Amino acid sequence: MPDWLAHIAVAMPPTQALFGQLLIGLINGAFYAMLSLGLAVIFGMLNIINFAHGAQYMLGAFCAWFALDYLGIGYWPSLILAPIAVAAIGIALERLLLRHIYRLDHLYGLLLTFGVALIIEGVLRNYYGSSGQPYSIPRELTGARNLGFMFLPNYRAWVIFASLAVCFGTWFLIERTRLGSYLRAATENPSLVQAFGINVPRMVTLTYGFGAGLAALAGVLAAPIYQVSPLMGSDIIVVVFAVVVIGGMGSIVGAVASGFVLGVVEGLTKVFYPEASNTVIFVVMAIVLLVKPAGFFGRTV
Amino acid sequence: MRMKLLLAAVAAVALSAAGAEAQSSGPVKIGVLNDMSSLYADIGGKGSVVAAEMAAEDAGPVLGQKVQIISADHQNKPDVGAAIARQWYDENGVDAITDVPTSSVALAVNEVAREKKKIALFVGPASSDLTGPKCNAYAASWVYDTYSLAHVTGGAVVKSGGNTWFFITADYAFGHALERDTADVVKAAGGTVVGDVQVPLNTADFSSYLLQAQASKAKIIGLANAGGDTINSIKQGAEFGITEGGQKFAGLLIFTSDVHSLGLKAAQGLQLTAPFYHDMNAETRAFSKRFSDRFGRPPTFDQAGVYSAVAHYLKAIKAIGTKDPDKVMAEMRKLPINDFMTKNGKLREDGRVVRDMYLFEVKKPSESKGEWDMLKLIETVPGDQAFRPLDKGDCPLVKKG
Amino acid sequence: MTGARDGFPARWRVGIAALLLAAALAAPFLFYPVFLMQALCFALFACAFNLLIGYVGLLSFGHAAFMGSAAYITAYTVKAWGFEPLTGILAGTAVAALLGAVFGWLAIRRQGIYFAMVTLALAQMIYFIAVEAKFTGGEDGIQAVPRGHLLGVVDLNHSLPMYYFVLAVFLGGYALVYRTIHSPFGQVLKAIRENEPRAISLGYRTERYKLLAFTLSATLAGLAGATKALVFQLASLTDVTWQMSGEVVLMTLLGGLGTEFGPVVGAFIDVTMENYLASWGSWVTVIQGVIFVFCVLLFRRGVVGEIVDLARRFAPGRTEAPPPATVAQTAPGE
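Chains as they are written, first to last, in the numbering used here: chain A, 1 to 301; chain B, 1001 to 1401; chain C, 2001 to 2334.
It is worth saying that the hints were derived from the structure and are not from the lab. Keep in mind the model is a prediction, meaning the values are calculated, not measured. Beta carbons: idealized from backbone N, C-alpha and C, even for Gly. One thing to keep in mind: the hints can contain errors.
Beta-carbon label-pair distances, calculated as ranges [stated by the list, open to error]:
hint, chain 1, residue 1, chain 2, residue 2, range
1, B, Ser1366, C, Phe2135, 37 to 43 Å
2, A, Arg202, C, Ala2311, 39 to 45 Å
3, B, Gln1385, A, Phe19, 44 to 50 Å
4, C, Leu2202, A, Glu175, 24 to 30 Å
5, B, Lys1318, C, Leu2298, 52 to 58 Å
6, C, Phe2135, A, Leu71, 49 to 55 Å
7, C, Leu2297, A, Pro138, 40 to 46 Å
8, C, Phe2135, B, Gln1385, 33 to 39 Å
9, C, Phe2314, B, Lys1066, 47 to 53 Å
10, A, Leu173, C, Ala2311, 49 to 55 Å
11, C, Gly2203, A, Gly197, 45 to 51 Å
12, A, Phe172, C, Pro2197, 46 to 52 Å
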């Protein structure tokens, strides 16, 4: 009997435990959703594949940790302040570097942001080591409740709630507001929108800052669960890429939906064939790309 | 004509290169090869270099010259580590390489040392293969291995009533070895293993595995992993109420830097095995004080072990007045090892240093008197019980008798 | 007619080639041979990668899979089955070629970033196999691979014969790349890079050309990996990680995308950095990052591209600098 079959036979959990695993998968999916959302927004508006997204996520967590350790600022203010700080860094990055390469192939955006990610990660690793800094769960959210089928930590419940709110808010902002319609129009035809008196370069800059801020927000949410470590971004970024690609590059709904779905898929793999849990997303990605070239919700590039 | 000139030039260069290689009379040179930038940088890293420098300074001039310490980052890549080791032995006149955490890199360096007949003093790697099937007459494993970790922690936990186990195992050679060795101990002591789960490297979220462990109802959740994986398992375990539910973690490889990084609140009550803790007695405190004055934090057992290994190596050279590897290894085997962390340690012919191992428990936050006051000693396990018997390791160097 | 891009005057080219060859022959007496061998292996790897990105315009983000799987096969056949070194290398290269054909067949249906992502996904599966399969030794890899005797005669355990063997392998691989680029086949590849629809309308079955180029590139990457396994006497997970796929991009970009000799220069610079800055720890990562940023913003031609450009300015009869080599643009909505 092959290894994985044996696993299924042995690990087949009772339905109740399966519910727990599904919920855990959703929670992890919440992080994928938030991160891929930012990537999708940036790709949609700037046509840049933001490899620095992982580093910005990590920076968000680090900002929260800096704030607590050096300034005594707690979790709740950090939830606002860290994304603003990272968004500011993102804006500087866009102004100084990214601006110069919009006319070039995607490849160069990818390589440039990859370089930026290496720099940020290397510097933090040098000063803060790699085993990570502890960050506690805020007092209001400690503890857990017994759902009958599982023990759900309050903080994880909050993560799902916050993530859904952020994803919905972003979708609403871009698809249902006037500002969003300008943005969408600007990606289709920047010169026309410019002609209407809208400052397109500034919009692009702010969009990048917004995407970076979303990554940072995910980072702050992640800080109490994982260690605040310089490596946390590079571990997750490739997976998030896969999520975005599966959802369809540039599609907000696609990014969010595939984030949650893949979280669940990964969660189930962790039960039935845990060795493959880091690989399953790539298997899905390969199949999706071969069957549905532009992902589930995407446009071709 | 031109050809001749070229040949002459090549020959001249070749001669000078050959001259550079024959440096057997130069100063004693020790290379610290470890992870300076990634997963294990906090365990050894630059702190190991500081420890080696301290040992060199304490030894004073050896063979009439100051001992030189150089260092490099192997990035946890076996090929990078092997390349650096070769170059050090061949070109840079390095006499001994030390530390080398990450078993895969250590196994590669071990082969280079064997081929070049140069000394390797392993401190960081946990693989017990280094003193088993892959043993090498020019290598020593200085402080610990998977076998001793499994035996001390596993044995003590079963003895105190933890007789059903569930393993969360890192899915690579090191994790498998740790799980296998511990499971053997558990079963031998009358306990049972009710399940296990293999977790891929670089997994950030352990909650799914923790739920599986919770569902297994095992009394003990054995963590056959290291570094960030262990930290995340324990941290998230606290979140899911593992300990409140009556289950206990047994961390099979935990460094003080890990406990520090977790914080006592999450780590309290955890039992762990180590060959050294900075606050054990006056001697360890004195060394740790000197170390942290230079490095800013007390030494991990890896860093302390680097000092111990380098100091013993230099002592052997001083005793016989040569750095010839064969003679030095013989002398190192002959001399008992005694320093701030070792009492009558002995280097066996399979390369194993047999020393006492200690079982510690992480203090409660209320028991701790400072940032680095983290562990209390539970039990001392004598070396001959903690380490694998000489004849059980399949080391070809050990004569079958 | 040599490639318009590398427009050195012919006289210079011969001279430079002779000089480089002499330097390569004398190098092991001046530099540490293992370092040189490592650099040569990576140089071949980068050349193979460049064949795809520089001449067909396809960014593969999974080339480590070919290098790594060939390294594993070579290490295993030589160590476990007692293959002679050359046969072992051939076995590894053959497996990489096969893998390349399969991956290529799947990946060339997609363009641009999706192509890169398909190759990444497939390479991650190879990584998974490398971790899980029994014969690869998981995290520890395959260690202590004997170098053996070449054709039963030349003892490769000494560094000089090994070096010249690696040099011969590299030159063979490089010659193949050179021939490919300058053949009619290579011209078609460039046409595909510049404008694929036009190439199709001219009657070329571009899919076949792309597949062949992909397979060739994978084969050469495999050759580099197989040779590297013998040089270091080990095969390990490092060679199949996505970071390795990223590193070869760095080498090629630094040396000059789409220049014949650029990848070689880039590989030497990268390997030198890794070796000589090894005690700098994570600052090496920072430096690599800075190089990426610098190259993309100001230095897109890479080292060799810039030199060629300079030389061309001084060469008589040519004044116009070529545009930086870029990857094929694919229009949105295509």
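Quiz item: Which hint numbers does the structure go against, in order from smallest to largest?
Solution: Violated hints: 1, 4 and 12; rest satisfied.
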